Amino acid sequence: MVAYRLINYSTDREYVLKLLNQNLTPRNTDEFFDWKYLNYPGGSSVGAVAVMDKKIVAVVFYLPFNFYNNGQMIQAARPVGGCTDPRYRGKGIFKKLMKFCLESYQKDYKFLFANPNRFSHPEFLKMGWKELVYGYYIGVISPFSLKSRLDFESKSGNSLSRDLKFSHEDYVSAGTTEFINWRYQDKRYIIQKFNTGSTENYIIYRVSKLKNIKSIILCDYCGDELYINQAIRKACMIEGTWFVYFMKNDTTSKINFLFTKRHRKVMVTYTEREPNIIKKIRFSLADLEGTV
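Here the sequence shown stands for residues 1 to 292, where the numbers follow the numbering used here.
Because the hints were derived from the structure by calculation, they are not lab data. Quantities reported herein were computed from a predicted structural model and do not represent experimental measurements. What you were told as hints is all true, and nothing was included just to trick you.
Mimicking DMTMM-like on lysine to aspartate or glutamate, the simulated pairs with C-alpha atoms at most 25 Å apart in a straight line are:
#1 LYS280 x GLU178
#2 LYS165 x GLU200
#3 LYS279 x ASP163
#4 LYS280 x ASP250
#5 LYS193 x GLU225
#6 LYS55 x ASP12
#7 LYS54 x GLU14
#8 LYS261 x GLU225
#9 LYS126 x GLU289
#10 LYS54 x ASP30
#11 LYS211 x GLU239
#12 LYS55 x GLU14
#13 LYS107 x GLU131
#14 LYS165 x ASP250
#15 LYS187 x GLU200
#16 LYS279 x ASP170
#17 LYS193 x GLU153
#18 LYS279 x ASP224
#19 LYS147 x ASP250
#20 LYS265 x GLU289
Sequences are here, hints too, so could you generate the full structure?
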(Lines of atoms letter the chains of each structure in order from A and count residues from 1; the text may use other names and numbers.)
(Lines give C-alpha, C1' and ligand atoms only; values in the text may rest on other atoms or scores of the structure.)
Protein backbone atom coordinates (compact mmCIF):
# COMPACT_ATOMS: atom_id res chain seq x y z
CA MET A 1 0.00 0.00 0.00
CA VAL A 2 1.19 3.51 -0.83
CA ALA A 3 1.10 6.21 1.86
CA TYR A 4 1.14 9.90 0.97
CA ARG A 5 2.37 12.54 3.39
CA LEU A 6 4.07 15.92 3.54
CA ILE A 7 7.85 16.05 3.59
CA ASN A 8 9.62 16.20 6.91
CA TYR A 9 12.56 18.38 5.97
CA SER A 10 14.58 17.13 8.95
CA THR A 11 14.32 13.37 8.40
CA ASP A 12 13.46 13.02 4.69
CA ARG A 13 16.08 15.25 3.10
CA GLU A 14 18.74 12.57 2.54
CA TYR A 15 16.31 10.16 0.87
CA VAL A 16 14.64 12.88 -1.21
CA LEU A 17 18.00 14.20 -2.43
CA LYS A 18 19.01 10.68 -3.47
CA LEU A 19 15.75 10.22 -5.41
CA LEU A 20 16.13 13.62 -7.12
CA ASN A 21 19.75 13.00 -8.05
CA GLN A 22 19.02 9.56 -9.48
CA ASN A 23 16.05 10.68 -11.59
CA LEU A 24 16.44 14.39 -12.38
CA THR A 25 19.83 16.04 -11.96
CA PRO A 26 22.89 14.98 -9.97
CA ARG A 27 23.52 18.53 -8.73
CA ASN A 28 20.88 18.44 -5.98
CA THR A 29 23.15 19.34 -3.08
CA ASP A 30 21.94 20.60 0.30
CA GLU A 31 22.73 24.15 -0.81
CA PHE A 32 20.83 23.76 -4.09
CA PHE A 33 17.92 22.15 -2.26
CA ASP A 34 17.62 25.09 0.15
CA TRP A 35 17.86 27.63 -2.67
CA LYS A 36 15.27 25.98 -4.89
CA TYR A 37 12.67 24.76 -2.43
CA LEU A 38 13.03 26.87 0.71
CA ASN A 39 14.45 30.29 -0.17
CA TYR A 40 12.22 31.56 -3.00
CA PRO A 41 11.27 35.20 -2.17
CA GLY A 42 7.56 34.35 -2.37
CA GLY A 43 7.79 31.61 0.24
CA SER A 44 8.92 28.02 0.70
CA SER A 45 7.67 25.10 -1.36
CA VAL A 46 5.15 22.61 -0.07
CA GLY A 47 6.57 19.14 -0.62
CA ALA A 48 5.06 15.67 -0.41
CA VAL A 49 6.33 12.12 -0.74
CA ALA A 50 4.87 8.73 -1.55
CA VAL A 51 6.04 5.91 0.70
CA MET A 52 5.88 2.24 -0.26
CA ASP A 53 7.76 -0.77 1.09
CA LYS A 54 8.99 1.50 3.90
CA LYS A 55 10.86 3.82 1.54
CA ILE A 56 10.24 7.06 -0.35
CA VAL A 57 9.43 6.17 -3.95
CA ALA A 58 8.15 9.50 -5.30
CA VAL A 59 8.38 13.19 -4.47
CA VAL A 60 6.91 16.46 -5.69
CA PHE A 61 7.03 20.09 -4.57
CA TYR A 62 4.71 23.02 -5.27
CA LEU A 63 6.71 26.23 -5.46
CA PRO A 64 4.91 29.58 -5.11
CA PHE A 65 5.87 31.53 -8.22
CA ASN A 66 4.72 35.09 -8.88
CA PHE A 67 4.60 37.26 -11.99
CA TYR A 68 4.85 41.06 -11.95
CA ASN A 69 4.20 44.11 -14.04
CA ASN A 70 4.93 47.60 -12.74
CA GLY A 71 4.12 46.78 -9.13
CA GLN A 72 1.10 44.54 -9.85
CA MET A 73 1.31 40.80 -9.15
CA ILE A 74 -0.29 37.58 -10.35
CA GLN A 75 0.21 34.66 -7.97
CA ALA A 76 0.99 31.30 -9.50
CA ALA A 77 2.43 27.99 -8.36
CA ARG A 78 4.43 25.35 -10.14
CA PRO A 79 5.10 21.70 -9.37
CA VAL A 80 8.87 21.20 -9.37
CA GLY A 81 11.25 18.39 -8.50
CA GLY A 82 8.64 15.76 -9.26
CA CYS A 83 9.85 12.23 -9.93
CA THR A 84 9.12 8.58 -9.23
CA ASP A 85 11.53 5.72 -8.68
CA PRO A 86 11.58 3.84 -12.05
CA ARG A 87 10.66 0.60 -10.27
CA TYR A 88 7.36 2.12 -9.12
CA ARG A 89 6.24 3.91 -12.28
CA GLY A 90 3.05 3.00 -14.09
CA LYS A 91 1.06 2.54 -10.87
CA GLY A 92 -0.61 5.99 -10.80
CA ILE A 93 1.52 7.05 -7.80
CA PHE A 94 2.72 10.34 -9.24
CA LYS A 95 -0.77 11.50 -10.21
CA LYS A 96 -2.12 10.79 -6.72
CA LEU A 97 0.91 12.43 -5.11
CA MET A 98 0.40 15.57 -7.21
CA LYS A 99 -3.21 15.77 -6.08
CA PHE A 100 -2.33 15.17 -2.43
CA CYS A 101 0.40 17.84 -2.46
CA LEU A 102 -1.82 20.40 -4.16
CA GLU A 103 -4.61 19.80 -1.64
CA SER A 104 -2.04 20.54 1.07
CA TYR A 105 -0.93 23.76 -0.63
CA GLN A 106 -2.68 26.39 1.47
CA LYS A 107 -1.71 29.43 -0.60
CA ASP A 108 -3.67 31.49 -3.08
CA TYR A 109 -2.83 31.21 -6.78
CA LYS A 110 -4.44 32.14 -10.11
CA PHE A 111 -2.92 29.34 -12.17
CA LEU A 112 -0.52 26.39 -12.06
CA PHE A 113 2.15 25.72 -14.64
CA ALA A 114 5.01 23.31 -15.24
CA ASN A 115 7.68 22.61 -17.81
CA PRO A 116 7.52 18.81 -17.57
CA ASN A 117 9.99 16.18 -18.69
CA ARG A 118 9.07 13.24 -20.89
CA PHE A 119 7.91 11.19 -17.91
CA SER A 120 5.71 13.79 -16.21
CA HIS A 121 4.31 15.43 -19.36
CA PRO A 122 1.70 12.73 -20.09
CA GLU A 123 0.69 12.72 -16.41
CA PHE A 124 -0.20 16.42 -16.55
CA LEU A 125 -2.27 15.89 -19.70
CA LYS A 126 -4.12 13.00 -18.02
CA MET A 127 -5.07 15.43 -15.24
CA GLY A 128 -6.67 17.76 -17.81
CA TRP A 129 -3.90 20.35 -17.99
CA LYS A 130 -3.48 22.27 -21.25
CA GLU A 131 -0.21 22.92 -23.02
CA LEU A 132 1.59 25.74 -24.78
CA VAL A 133 4.50 25.23 -27.16
CA TYR A 134 7.36 27.68 -27.47
CA GLY A 135 10.49 27.60 -29.60
CA TYR A 136 14.20 27.89 -28.81
CA TYR A 137 16.12 29.61 -31.59
CA ILE A 138 19.67 30.43 -32.61
CA GLY A 139 20.04 33.98 -33.91
CA VAL A 140 22.92 35.87 -35.47
CA ILE A 141 23.59 39.55 -34.81
CA SER A 142 25.39 41.49 -37.54
CA PRO A 143 29.09 41.60 -36.58
CA PHE A 144 29.26 45.05 -38.18
CA SER A 145 26.70 46.61 -35.81
CA LEU A 146 27.88 45.60 -32.35
CA LYS A 147 28.49 49.14 -31.17
CA SER A 148 26.12 50.32 -28.45
CA ARG A 149 25.73 53.55 -26.53
CA LEU A 150 24.70 51.72 -23.37
CA ASP A 151 26.94 51.58 -20.33
CA PHE A 152 26.55 48.45 -18.24
CA GLU A 153 26.96 48.78 -14.49
CA SER A 154 28.02 46.32 -11.85
CA LYS A 155 24.96 44.84 -10.18
CA SER A 156 24.91 45.13 -6.42
CA GLY A 157 24.42 41.70 -4.86
CA ASN A 158 22.77 43.41 -1.90
CA SER A 159 20.19 45.31 -3.91
CA LEU A 160 17.04 46.05 -1.93
CA SER A 161 13.79 44.59 -3.21
CA ARG A 162 12.05 46.92 -5.60
CA ASP A 163 9.63 46.68 -8.46
CA LEU A 164 10.99 47.11 -11.98
CA LYS A 165 9.25 49.12 -14.70
CA PHE A 166 8.22 47.52 -17.98
CA SER A 167 7.23 48.97 -21.34
CA HIS A 168 4.61 46.27 -21.98
CA GLU A 169 1.48 45.02 -20.22
CA ASP A 170 2.43 41.37 -19.75
CA TYR A 171 3.49 39.88 -16.42
CA VAL A 172 6.97 38.39 -15.97
CA SER A 173 8.69 36.46 -13.20
CA ALA A 174 11.73 38.77 -13.03
CA GLY A 175 9.70 41.79 -11.99
CA THR A 176 11.62 42.64 -8.82
CA THR A 177 15.29 42.92 -7.93
CA GLU A 178 14.59 40.52 -5.06
CA PHE A 179 13.69 37.81 -7.59
CA ILE A 180 16.73 38.59 -9.74
CA ASN A 181 19.03 38.28 -6.71
CA TRP A 182 17.49 34.89 -5.87
CA ARG A 183 17.12 33.41 -9.35
CA TYR A 184 20.55 34.29 -10.70
CA GLN A 185 22.83 33.48 -7.76
CA ASP A 186 24.66 30.84 -9.78
CA LYS A 187 27.97 32.16 -11.14
CA ARG A 188 27.10 30.88 -14.61
CA TYR A 189 24.73 33.82 -15.02
CA ILE A 190 25.97 37.25 -16.08
CA ILE A 191 23.76 40.11 -14.92
CA GLN A 192 24.28 43.37 -16.77
CA LYS A 193 22.44 46.40 -15.42
CA PHE A 194 21.90 49.70 -17.19
CA ASN A 195 19.76 52.78 -16.56
CA THR A 196 17.66 54.67 -19.11
CA GLY A 197 16.22 57.79 -17.56
CA SER A 198 14.30 56.66 -14.48
CA THR A 199 14.13 53.01 -15.61
CA GLU A 200 16.43 50.30 -14.22
CA ASN A 201 17.06 47.58 -16.81
CA TYR A 202 18.70 44.16 -16.74
CA ILE A 203 19.91 41.77 -19.41
CA ILE A 204 20.78 38.35 -18.01
CA TYR A 205 22.61 35.64 -19.90
CA ARG A 206 25.03 32.72 -19.81
CA VAL A 207 27.91 32.06 -22.18
CA SER A 208 28.19 28.58 -23.63
CA LYS A 209 29.31 26.73 -26.73
CA LEU A 210 26.71 25.47 -29.18
CA LYS A 211 28.25 23.08 -31.68
CA ASN A 212 31.65 24.50 -30.71
CA ILE A 213 30.54 28.09 -31.35
CA LYS A 214 30.69 30.53 -28.46
CA SER A 215 27.16 31.84 -27.89
CA ILE A 216 25.15 33.98 -25.55
CA ILE A 217 22.24 32.14 -23.90
CA LEU A 218 19.74 34.95 -23.39
CA CYS A 219 17.93 34.06 -20.17
CA ASP A 220 16.00 37.24 -19.38
CA TYR A 221 15.52 40.88 -20.22
CA CYS A 222 13.86 43.18 -17.70
CA GLY A 223 12.93 46.79 -18.36
CA ASP A 224 12.29 48.99 -21.38
CA GLU A 225 12.10 46.92 -24.57
CA LEU A 226 13.10 49.96 -26.62
CA TYR A 227 16.70 49.22 -25.62
CA ILE A 228 16.86 45.47 -26.09
CA ASN A 229 18.76 45.71 -29.38
CA GLN A 230 21.41 47.95 -27.87
CA ALA A 231 21.64 45.70 -24.83
CA ILE A 232 22.15 42.48 -26.81
CA ARG A 233 24.69 44.16 -29.09
CA LYS A 234 26.61 45.40 -26.06
CA ALA A 235 26.58 41.91 -24.52
CA CYS A 236 27.81 40.37 -27.79
CA MET A 237 30.61 42.92 -28.01
CA ILE A 238 31.72 42.18 -24.43
CA GLU A 239 31.63 38.39 -24.91
CA GLY A 240 33.18 38.43 -28.38
CA THR A 241 30.41 36.64 -30.26
CA TRP A 242 27.40 37.47 -32.41
CA PHE A 243 25.54 34.18 -31.87
CA VAL A 244 22.56 34.29 -29.51
CA TYR A 245 20.44 31.39 -28.24
CA PHE A 246 16.99 32.57 -27.16
CA MET A 247 13.38 31.64 -26.55
CA LYS A 248 11.01 33.38 -28.91
CA ASN A 249 8.52 35.61 -27.14
CA ASP A 250 7.21 39.16 -27.55
CA THR A 251 10.40 40.55 -26.00
CA THR A 252 12.99 38.67 -28.06
CA SER A 253 10.91 39.19 -31.22
CA LYS A 254 12.06 42.82 -31.09
CA ILE A 255 15.73 41.89 -31.57
CA ASN A 256 17.06 42.69 -35.05
CA PHE A 257 18.77 39.43 -36.01
CA LEU A 258 20.40 38.90 -39.39
CA PHE A 259 18.70 35.51 -39.42
CA THR A 260 17.35 32.94 -36.99
CA LYS A 261 16.94 29.18 -37.02
CA ARG A 262 14.66 27.14 -34.81
CA HIS A 263 16.55 24.69 -32.63
CA ARG A 264 13.86 22.84 -30.69
CA LYS A 265 10.52 23.24 -29.00
CA VAL A 266 9.77 23.59 -25.29
CA MET A 267 6.39 22.91 -23.71
CA VAL A 268 4.49 24.41 -20.81
CA THR A 269 1.56 22.63 -19.22
CA TYR A 270 -0.91 24.67 -17.20
CA THR A 271 -4.30 24.83 -15.55
CA GLU A 272 -6.15 28.02 -14.63
CA ARG A 273 -8.35 29.19 -11.80
CA GLU A 274 -9.10 32.43 -13.66
CA PRO A 275 -10.04 32.15 -17.36
CA ASN A 276 -7.35 33.22 -19.83
CA ILE A 277 -4.97 34.41 -17.09
CA ILE A 278 -2.18 32.59 -18.94
CA LYS A 279 -2.52 35.10 -21.80
CA LYS A 280 -1.18 37.81 -19.49
CA ILE A 281 2.03 35.87 -18.79
CA ARG A 282 5.26 36.28 -20.73
CA PHE A 283 7.61 33.38 -20.02
CA SER A 284 11.37 33.77 -20.40
CA LEU A 285 13.98 31.16 -21.26
CA ALA A 286 15.05 31.18 -17.61
CA ASP A 287 11.54 30.24 -16.50
CA LEU A 288 11.65 27.09 -18.62
CA GLU A 289 15.29 25.99 -18.63
CA GLY A 290 14.74 23.38 -15.90
CA THR A 291 16.64 24.97 -13.00
CA VAL A 292 13.36 25.73 -11.24
